[in-house]
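Student: Each chain, letter by letter, is given below.
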Amino acid sequence: MSTHREAILRQIGCIIEKPDFYKYLSAEKNLEIFARISGASTAKYDIHAMLEFVGLKGRERDKVSGFSHGMKQRLGIAQTLIHDPELIILDEPTTGLDPQGIIDVRNLILQLKNEKNKTVLLSSHQLSEIEIIANRMVIINKGQTVTEGEVSKLLNEQELVVRMEVQDSGKALRILNGWSDKVKENKDDNTLEFATSREALPSIIKSLTENDVLIYGVESKRKLEDYFIRIIN
Amino acid sequence: MLLKSTWNEFIKIAAKPRSYLGLVAITVLVAVILFALKADGMSFISFVTASFEQTLSFEGNIMNGNLVAFIVLQMLVIHIPLLVALVTGDLVSGEAAMGTIRMLLTKPISRRTMLLSKFLAGAVYTLLIVIWLGILAVIVGKLMFGVGDIMVLNSDGLVIIKEMDVNWRYVGAFGVAFLALLTVSSLSIMLSCFSENSIGPIVTTMAIIILFTIIGTLDVTIFDPIKPFLFTTHMIAWRSFFEDPLPWDVIKESSIILLVHNVIFISIALFQFNKKDIKS
Numbered sequence: 001m002s003t004h005r006e007a008i009l010r011q012i013g014c015i016i017e018k019p020d021f022y023k024y025l026s027a028e029k030n031l032e033i034f035a036r037i038s039g040a041s042t043a044k045y046d047i048h049a050m051l052e053f054v055g056l057k058g059r060e061r062d063k064v065s066g067f068s069h070g071m072k073q074r075l076g077i078a079q080t081l082i083h084d085p086e087l088i089i090l091d092e093p094t095t096g097l098d099p100q101g102i103i104d105v106r107n108l109i110l111q112l113k114n115e116k117n118k119t120v121l122l123s124s125h126q127l128s129e130i131e132i133i134a135n136r137m138v139i140i141n142k143g144q145t146v147t148e149g150e151v152s153k154l155l156n157e158q159e160l161v162v163r164m165e166v167q168d169s170g171k172a173l174r175i176l177n178g179w180s181d182k183v184k185e186n187k188d189d190n191t192l193e194f195a196t197s198r199e200a201l202p203s204i205i206k207s208l209t210e211n212d213v214l215i216y217g218v219e220s221k222r223k224l225e226d227y228f229i230r231i232i233n
Numbered sequence: 001m002l003l004k005s006t007w008n009e010f011i012k013i014a015a016k017p018r019s020y021l022g023l024v025a026i027t028v029l030v031a032v033i034l035f036a037l038k039a040d041g042m043s044f045i046s047f048v049t050a051s052f053e054q055t056l057s058f059e060g061n062i063m064n065g066n067l068v069a070f071i072v073l074q075m076l077v078i079h080i081p082l083l084v085a086l087v088t089g090d091l092v093s094g095e096a097a098m099g100t101i102r103m104l105l106t107k108p109i110s111r112r113t114m115l116l117s118k119f120l121a122g123a124v125y126t127l128l129i130v131i132w133l134g135i136l137a138v139i140v141g142k143l144m145f146g147v148g149d150i151m152v153l154n155s156d157g158l159v160i161i162k163e164m165d166v167n168w169r170y171v172g173a174f175g176v177a178f179l180a181l182l183t184v185s186s187l188s189i190m191l192s193c194f195s196e197n198s199i200g201p202i203v204t205t206m207a208i209i210i211l212f213t214i215i216g217t218l219d220v221t222i223f224d225p226i227k228p229f230l231f232t233t234h235m236i237a238w239r240s241f242f243e244d245p246l247p248w249d250v251i252k253e254s255s256i257i258l259l260v261h262n263v264i265f266i267s268i269a270l271f272q273f274n275k276k277d278i279k280s
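The listed protein sequences correspond, in order, to chains A and B. Start counting the first sequence at 1; every next residue gets the next number (the working numbering). Start counting the second sequence at 1; every next residue gets the next number (the working numbering).
Honestly, the hints are just simulated from the structure, not real lab data. Misleading hints may appear alongside valid ones.
[Said to hold, decoys possible] With a straight-line cut-off of 25 angstroms between C-alpha atoms, the simulated DMTMM-like cross-links for lysine to aspartate or glutamate are:
1. Lys-4(B) x Asp-20(A)
2. Lys-16(B) x Glu-60(A)
3. Lys-63(A) x Glu-196(B)
4. Lys-276(B) x Asp-91(A)
5. Lys-275(B) x Glu-60(A)
6. Lys-276(B) x Glu-6(A)
[Claimed, not checked] Simulated DEER-style distance windows between Cβ atoms:
7. Ala-49(A) x Tyr-20(B): 27 to 35 angstroms
8. Gln-11(A) x Leu-3(B): 20 to 28 angstroms
9. Ser-110(B) x Glu-148(A): 30 to 38 angstroms
10. Gln-111(A) x Ile-264(B): 36 to 44 angstroms
11. Val-159(B) x Lys-23(A): 48 to 56 angstroms
12. Val-147(B) x Ala-7(A): 57 to 65 angstroms
13. Asn-141(A) x Asn-274(B): 31 to 39 angstroms
14. Leu-110(A) x Asn-274(B): 34 to 42 angstroms
15. Ala-39(B) x Glu-52(A): 33 to 41 angstroms
16. Glu-52(A) x Gly-175(B): 45 to 53 angstroms
17. His-4(A) x Pro-225(B): 45 to 53 angstroms
For each residue, glycine too, the CB sits at the ideal point set by N, CA and C.
Whenever a hint applies, use it, and build me the whole structure from the sequences.
Tutor: In C-alpha cells form, the structure reads like this:
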C-alpha cells in the first residue's frame, strides 16, 4: 500500500465516517477541487453531470454550508465517483440521516451497484440497510471475522420467524407445539409467533388446515439483526 | 500534481473573506499614512533634518514619492506578518478542524505534495501582499508626491540616494521584504501542522515574532550570540538597499539566513504532517 499508494487510490473512492467539505465553497467548486487532485475532468459539464446523478441538480452553485446532512452525504458519494474508481468504500453512509435521506442514499448505492457496476464496500451498523443493499457480507466482531458469504445464503441458513393469525389460537397452539418448541400465543388478536425452518413451513400450514384451523394470515421474516445476534452470541 | 494541488489551495484562499482582510488593511493603512504625510509631511521631515540644518541646506522636493514609499515600508513591514499569518496559519489546521484533510488524503496525492502545495500557495499570497504594498507605496506615493532624491537616516548618518538610483533599490528591498514575510508564512504553516484549530498557529506566530524582536532589541550580552540567527533580526534587511555603498555582504547573509529558516520550517512541517493523525 505504501509503495503503490497513489496507484491504488486512483482505483478507490471513499467517504470515511462523514463527508466533510469546504463549507464556504459551492458544491461544484468542492467537486472541482477533489476532481483536480484525482486526475479527473474538472470541466463544468462533467461536474454538473455528477451532481445530477446524485440528485443535486440545481444546487451546483449553492454553498455547502447550506446543505443538509443528506445532501452532503450525496455530495460525498459524487466525490467518490468523480474519478470513476472501481471500488467505492462507504463508511456508515446512512448514519444521522432522516428516513427520506436514508432511502435516497440507499437508492444511490443500489444505482452504483446496478447501473454503474461499481463494487461498493459498505461498513455499517444499520443491518436492515445491509440486508437490502448488499450481495455479500462479512460480520466482524472485536476485529475478528465471525462469518462471511452471500447475504441471502447466510440468511437462508437461519430459521424463519412466522407470525400467523388464526380463528382459534388455542387449538392452533396445541398443533404447533408438535412442530416448534417456542410458540408464543396472543389470545387478544388470535395470533401465534414461532420459529421454524423454511422447509417446514408448508407442512405446518397443511397440518393446521387438515385440523380445521382457519388461517387468516401468515407473515414470515428473516432478520439479519436476529442472525447477527445469534452469530455474535 | 503539485501545481494542480497548489491551484486548489489558491482557490480556497481566494474564497475565504479573511484573505482579503490583509489587502484591505494594507490599503487603509497606506491611505492613512499617505494622507497624514500629505497633510503634514514637512513637520515629519523637519524632525529628521533638524540636526543637519546648521550644516546643510535642503532644496527641492524632499517629501517626494520615493521617500514616502520608504516611510510606508518602514512603518508596515513590522505589522504585515500578522496579515500573512492570518491566512497561512489556517492552511493546515483549518482543514484539520473541518475534516477536509481526511477527504483530501483519500485521493491519489501524497502528504508531501499536499503540504508543499500549501507552502507554494502561501508564498503566492505573500507575494501578492508585497506587490500590493509596493503598488500603493511606490506607485501611488509617486503619483501623489512626485519624484525626487531620497534621504535616509541610518546609523552612519544621512544617506542621499539619487532619484535615478532608487527604483532598482525598491525592487531589491521588496524582494528581501518578501523573503522575510515568506519566513513568517513558513513558520505559521509549520505551526499549523501541530494544531487542530486556526487561532493557535496565528497567535503563536505573532508571539514568536514579538519574542524574537524583543530579544533582538534588548541590549543584553547574554542574547548576543543568538541575535544573528534570529529571523526577526533579518526581517529589516530590506533597509540595506538604502545605504551607500550597498552592503551586499549584509544583504546576502540576511537572505541566506532567511532562506535557511524557510528550509528548516518546511522540513519540520513535512516531518510533522507525515505522521499527523488525520483519522480523529
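Student: Indicate, hint by hint, whether the structure satisfies it.
Tutor: Hints, one by one, checked against the model:
1. Lys-4(B) x Asp-20(A): holds, 21 angstroms
2. Lys-16(B) x Glu-60(A): holds, 19 angstroms
3. Lys-63(A) x Glu-196(B): Within the cut-off at roughly 24 angstroms; holds.
4. Lys-276(B) x Asp-91(A): holds, 21 angstroms
5. Lys-275(B) x Glu-60(A): Violated: Lys-275(B) and Glu-60(A) sit about 35 angstroms apart, past 25 angstroms.
6. Lys-276(B) x Glu-6(A): holds, 18 angstroms
7. Ala-49(A) x Tyr-20(B): 27 to 35 angstroms: Holds: the Cβ-Cβ distance is about 33 angstroms, inside 27 to 35 angstroms.
8. Gln-11(A) x Leu-3(B): 20 to 28 angstroms: Given a distance of about 23 angstroms, which is inside 20 to 28 angstroms, the answer is holds.
9. Ser-110(B) x Glu-148(A): 30 to 38 angstroms: Given a distance of about 33 angstroms, which is inside 30 to 38 angstroms, the answer is holds.
10. Gln-111(A) x Ile-264(B): 36 to 44 angstroms: Given range 36 to 44 angstroms: violated, Cβ gap about 51 angstroms.
11. Val-159(B) x Lys-23(A): 48 to 56 angstroms: Once the Cβ atoms are compared, 52 angstroms apart, the range 48 to 56 angstroms for Lys-23(A) and Val-159(B) holds.
12. Val-147(B) x Ala-7(A): 57 to 65 angstroms: holds, 59 angstroms
13. Asn-141(A) x Asn-274(B): 31 to 39 angstroms: holds, 33 angstroms
14. Leu-110(A) x Asn-274(B): 34 to 42 angstroms: Taking Cβ atoms as reference, Leu-110(A) and Asn-274(B) lie about 39 angstroms apart, which means the hint holds.
15. Ala-39(B) x Glu-52(A): 33 to 41 angstroms: At roughly 60 angstroms between Cβ atoms, Glu-52(A) and Ala-39(B) fall outside 33 to 41 angstroms, so the hint is violated.
16. Glu-52(A) x Gly-175(B): 45 to 53 angstroms: Given about 49 angstroms between the Cβ atoms, the range holds.
17. His-4(A) x Pro-225(B): 45 to 53 angstroms: holds, 49 angstroms
Checked against the numbered hints above, the structure violates hints 5, 10, 15; every other hint is satisfied.
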